[in-house]
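Line order of the protein sequences matches chains A and B. Start counting the first sequence at 1; every next residue gets the next number (the numbering used here). Start counting the second sequence at 1; every next residue gets the next number (the numbering used here).
Since the hints were derived computationally from the structure, they do not count as laboratory data. Hints are not guaranteed to be accurate.
The list treats identical chains as one, so a pair stands whether inside a single copy or across any two.
Each computed DSBU-like pair below joins lysine-lysine, with the alpha-carbon atoms no more than 35 Å apart [to be verified]:
| no. | residue 1 | residue 2 |
| --- | --- | --- |
| 1 | LYS234 | LYS35 |
| 2 | LYS234 | LYS47 |
| 3 | LYS303 | LYS71 |
| 4 | LYS99 | LYS35 |
| 5 | LYS387 | LYS99 |
| 6 | LYS107 | LYS338 |
| 7 | LYS338 | LYS137 |
| 8 | LYS341 | LYS154 |
| 9 | LYS77 | LYS154 |
| 10 | LYS35 | LYS154 |
| 11 | LYS107 | LYS223 |
| 12 | LYS71 | LYS154 |
| 13 | LYS137 | LYS374 |
| 14 | LYS35 | LYS107 |
| 15 | LYS223 | LYS371 |
| 16 | LYS35 | LYS223 |
| 17 | LYS71 | LYS223 |
| 18 | LYS107 | LYS47 |
| 19 | LYS154 | LYS303 |
| 20 | LYS47 | LYS223 |
| 21 | LYS35 | LYS387 |
| 22 | LYS154 | LYS308 |
| 23 | LYS154 | LYS376 |
| 24 | LYS145 | LYS310 |
| 25 | LYS387 | LYS371 |
| 26 | LYS35 | LYS137 |
| 27 | LYS387 | LYS376 |
| 28 | LYS223 | LYS303 |
If you're wondering where the values come from, they're calculated on a predicted model, not measured in any experiment.
2 protein chains.
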Amino acid sequence: MKLYSLLFLLLCSASLSAQNDSVMIRTIYNEALSKGHAYEDLRSLCKDIGARISGSAEAEMAVHWGEQKMKEYGFDKVYLQEIQVPHWERGTTEAGWYKGEDGQLHKVHLLALGGSIGTGGVLSGDLIQFNSLNELKEADPNLVKGKIVFINQKMDEQQIQTFRAYGGCYPTRGNGAIEASRLGATGVIIRSLGLPINHHPHTGSMHYNDSVDRIPAAAISTKDAEELSQFLLKGNAEFLLEMDCRQYPDVTSYNVIGEQTGSDSPDEIITFGGHLDSWDTGEGAHDDGAGIAHCMEALRILKELNYKPKHTLRLVLFMNEENGNMGGKSYASIVKGKGEKQIAALESDRGGFAPRGFSCDGTEEHLAMLKSFKTKFTNYDLHIFDKGYGGVDISPLKGEYPNIPLFGFVPDSQRYFDFHHAPSDVFENVNQRELELGAAAISSFLYLLDQNL
Amino acid sequence: MKLYSLLFLLLCSASLSAQNDSVMIRTIYNEALSKGHAYEDLRSLCKDIGARISGSAEAEMAVHWGEQKMKEYGFDKVYLQEIQVPHWERGTTEAGWYKGEDGQLHKVHLLALGGSIGTGGVLSGDLIQFNSLNELKEADPNLVKGKIVFINQKMDEQQIQTFRAYGGCYPTRGNGAIEASRLGATGVIIRSLGLPINHHPHTGSMHYNDSVDRIPAAAISTKDAEELSQFLLKGNAEFLLEMDCRQYPDVTSYNVIGEQTGSDSPDEIITFGGHLDSWDTGEGAHDDGAGIAHCMEALRILKELNYKPKHTLRLVLFMNEENGNMGGKSYASIVKGKGEKQIAALESDRGGFAPRGFSCDGTEEHLAMLKSFKTKFTNYDLHIFDKGYGGVDISPLKGEYPNIPLFGFVPDSQRYFDFHHAPSDVFENVNQRELELGAAAISSFLYLLDQNL
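Could you put together the complete structure from these sequences and hints?
Structure follows, in structure tokens:
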């Protein structure tokens with residue numbers, strides 16, 4: 001009899017807990033949709049500050065903005081974590097043209113890749129086209145030497161998962177300058193990593209290494225890439241490139257941190273956030289203003305609903321994800337150095353689109369826990385609860401805490417590469433309701449994580 | 001032994017068929033994403049023609065546009081189906097103001113509801129506000145008589161399924177004029193059925209009935225509704241309304257039809273489509289240019305891939321869904337009159353957003369078939385395969401063919417009521433990739449339907 005009673009109580013308690021979850025999640029969504037702050041927070045970050053690359057005055061404004069917002073929201077603790085970040089500036093001149101055998105100039109829409117050196121006046125050279133980084137790698141150095149390399153590698157539009165299509169081109173942007181320089185090229189232009197064919201160039205990070213000369217690197221718009229490629233079918237062309245971007249010495253900046261202290265296990269920390277910096281074009285609205293607005297709102301809602309977390313919920317607005325990830329790297333090493341117990345991390349850095357679910361980079365047990373959350377979100381149209389990447393900012397935690405589960409918020413990805421790193425990544429291209437639903441999903445997820453860890 | 005052999009063959013054939021489905025669907029998606037026509041078709045419908053309410057010159061242009069496109073695509077049969085449709089015109093004057101006790105005028109953004117009578121000069125009257133149609137119905141006629149009724153009924157933003165939130169307000173738009181007139185009001189203005197708070201009014205159909213006087217009806221923007229409601233807290237206000245919209249005699253128009261003839265059962269017809277007409281504001285891009293582009297492209301792709309359907313696939317661009325559904329009603333009665341065998345129908349009329357799945361209004365067997373399609377779409381992020389509404393245009397088929405399954409294409413619904421029936425429903429607010437993915441999903445679904453019926 002005693003066993004049955006116990007079993008009965010356990011069943012009652014499980015059912016009660018499921019009911020509590022359901023009420024809590026509904027309440028979170030109601031707050032986000034009826035009294036949400038996410039959209040106004042994003043507007044303010046995009047419009048009052050705007051683009052905010054590490055080392056810029058705007059990045060520092062964003063640090064103060066984040067700290068101020070968190071104080072207004074009254075989180076238990078609000079503080080800055082000092083870090084060193086790279087400082088690269090685009091400068092004021094940035095232009096490119098190609099010229100056919102008839103001498104006529106054709107202007108292209110371009111952006112220097114982040115980290116590129118400038119051209120020191122106008123760099124000109126004959127163009128040589130490759131369709132992929134691999135094709136370039138296998139080229140005869142005699143054909144490349146002294147030329148400007150054009151890598152016309154297209155994101156695969158047939159790939160349904162747009163982040164995979166992006167991943168396929170990522171090495172071209174990152175290593176194009178190294179590989180072109182290794183063969184003696186004097187500069188490299190790549191086709192922008194973007195899906196639509198239009199005149200918005202997409203910037204992004206690129207690398208040099210010390211074994212080869214540094215050469216300037218830029219991305220031209222997808223439409224220019226198509227046109228240039230057609231042009232090259234008819235004959236040779238020269239490219240003229242002028243950019244005065246440059247790298248400056250590292251500067252001091254900050255991760256911005258807010259916490260709601262755990263009631264049962266305050267020393268066990270769930271870290272979550274997005275990145276506060278953005279590229280220096282557009283307004284960093286989807287990348288990653290949305291993630292900042294999501295996570296700030298997620299914690300605000302839990303506080304507003306008077307939820308007392310068991311574990312400490314720590315919101316981190318990471319600095320410098322875009323060109324160095326010094327925020328993420330420094331955070332992991334600082335918290336490890338302090339001997340903190342990090343039990344899980346979550347990131348939102350895939351835009352402010354309609355939520356689809358969450359991904360997990362963790363053990364089978366963590367994945368099973370994630371999958372157990374799926375039914376909680378049935379009424380909210382979330383359906384992806386699967387293995388997958390966490391996020392760039394939280395990834396260094398894995399190096400310090402090998403067993404930590406890293407979770408990624410997964411919104412619909414179809415429009416992301418229309419805006420990513422481009423001048424079109426502005427507030428107007430974020431939909432209020434989609435953003436609010438993302439914040440509600442993340443807030444609910446944090447609640448479930450806190451309850452189930 | 002013989003039994004085992006048979007079983008083995010059956011299993012092989014089932015596995016082969018699953019493999020065929022997988023290859024076919026992948027090929028359909030590739031065509032839609034790499035060589036798609038949907039976006040250009042939509043551009044042309046929105047920009048070369050634009051808004052196209054039944055009875056307008058643009059609606060007739062759209063009929064010829066549809067017929068011409070289908071002929072270009074070379075469908076087996078292309079023809080027009082003559083129908084009679086209502087003809088309502090907005091006219092050239094449409095304006096509204098409210099005036100407080102200090103006499104100052106405040107202009108509002110409004111649209112006459114479709115079907116409304118005009119005001120015959122300026123109609124003015126004291127305002128009386130209700131928060132819902134039900135509140136109005138229960139009002140004291142002495143308080144309403146001679147006044148202009150303002151129904152400030154808000155779409156429920158906490159409802160995750162936006163179509164349900166719309167459904168909750170639909171009777172207010174449809175029957176507001178009848179209920180207000182029954183109590184002696186001289187006019188009615190409603191809060192627009194839209195989710196964001198902005199200055200785009202949303203029009204839509206409304207009704208009169210012969211038992212009460214016809215009074216003018218208009219929708220004001222959600223932002224004006226909020227402001228007016230606040231204004232009325234401070235005191236009384238008068239409303240001034242001027243509209244010269246009117247109803248004209250019915251005119252002849254057409255459903256536009258294209259077919260690929262069935263190879264096994266040509267007399268068994270799968271009807272699918274969207275509606276060619278739109279409201280007379282914006283460009284009818286999501287509603288329902290997207291559905292037209294989806295369905296036209298779905299059939300084009302199957303033809304392009306040289307797919308020979310077992311049953312006849314009949315694409316119908318229905319006329320007059322918005323204010324009368326004469327296209328859908330006439331189609332059902334004409335095909336029944338001819339003794340046609342209609343075995344299934346599918347509609348796309350929920351916008352050109354990222355696909356989420358399909359709904360089914362049919363028997364348990366039909367629902368089971370729909371659910372069996374789910375795994376075919378796992379790689380394409382579709383997850384809703386459930387009971388649900390088919391669509392307005394195909395719904396009259398149910399009256400003639402009680403056992404016919406009606407399927408609805410279900411895209412993400414979160415942005416739909418930003419644009420629905422509003423000036424903002426323009427081509428620029430449709431995303432190319434989301435539209436193409438919708439066309440691919442529908443084309444794949446038609447293929448599966450044809451194979452499994």
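At 35 Å max between alpha carbons, let me know whether LYS387 reaches LYS371 within a copy, between copies, both or neither. So LYS387 and LYS371 pass the 35 Å test inside a copy (10 Å) and across (24 Å) alike.
Which holds for LYS387 with LYS376 at a C-alpha limit of 35 Å: within a copy, between copies, both or neither? So LYS387 and LYS376 pass the 35 Å test inside a copy (18 Å) and across (20 Å) alike.
Is the C-alpha distance from LYS35 to LYS154 at most 35 Å within one copy, between copies, in both cases, or in neither? between (42 Å within a copy, 15 Å between copies)
For LYS234 and LYS47, with the copy left unspecified, which applies at a CA distance of at most 35 Å: within, between, both, or neither? between (45 Å within a copy, 34 Å between copies)
Evaluate LYS71 and LYS223 at a C-alpha cut-off of 35 Å and name the case that applies: within, between, both or neither. between (45 Å within a copy, 31 Å between copies)
Up to 35 Å CA-CA - LYS338 versus LYS107, copy category: neither (54 Å within a copy, 62 Å between copies)
Alpha-carbon proximity between LYS47 and LYS223, which holds within one copy, between copies, both or neither at 35 Å: Result: close both inside a copy and across copies, 28 Å intra and 22 Å inter.
At most 35 Å between alpha carbons: which applies to LYS234 and LYS35, within, between, both or neither? between (59 Å within a copy, 24 Å between copies)
Taking 35 Å as the upper bound on the Cα-Cα distance, should LYS154 and LYS308 be classified as within, between, both, or neither? between (49 Å within a copy, 33 Å between copies)
Should LYS223 paired with LYS371 be assigned to within, between, both, or neither, using CA atoms and 35 Å as the limit? Neither, since 42 Å and 41 Å both go past 35 Å.
Between the shortest in-copy and the shortest cross-copy C-alpha distance, which are at most 35 Å for LYS154 and LYS303: within, between, both, or neither? Between copies only: 28 Å across chains, 45 Å inside a chain, cut-off 35 Å.
Intra/inter-copy verdict for LYS154 and LYS376 if alpha-carbon distance must be at most 35 Å: between (39 Å within a copy, 27 Å between copies)
The structure fails hints 5, 6, 7, 8, 9, 13, 15, 24 (numbered hints given earlier, in ascending order).
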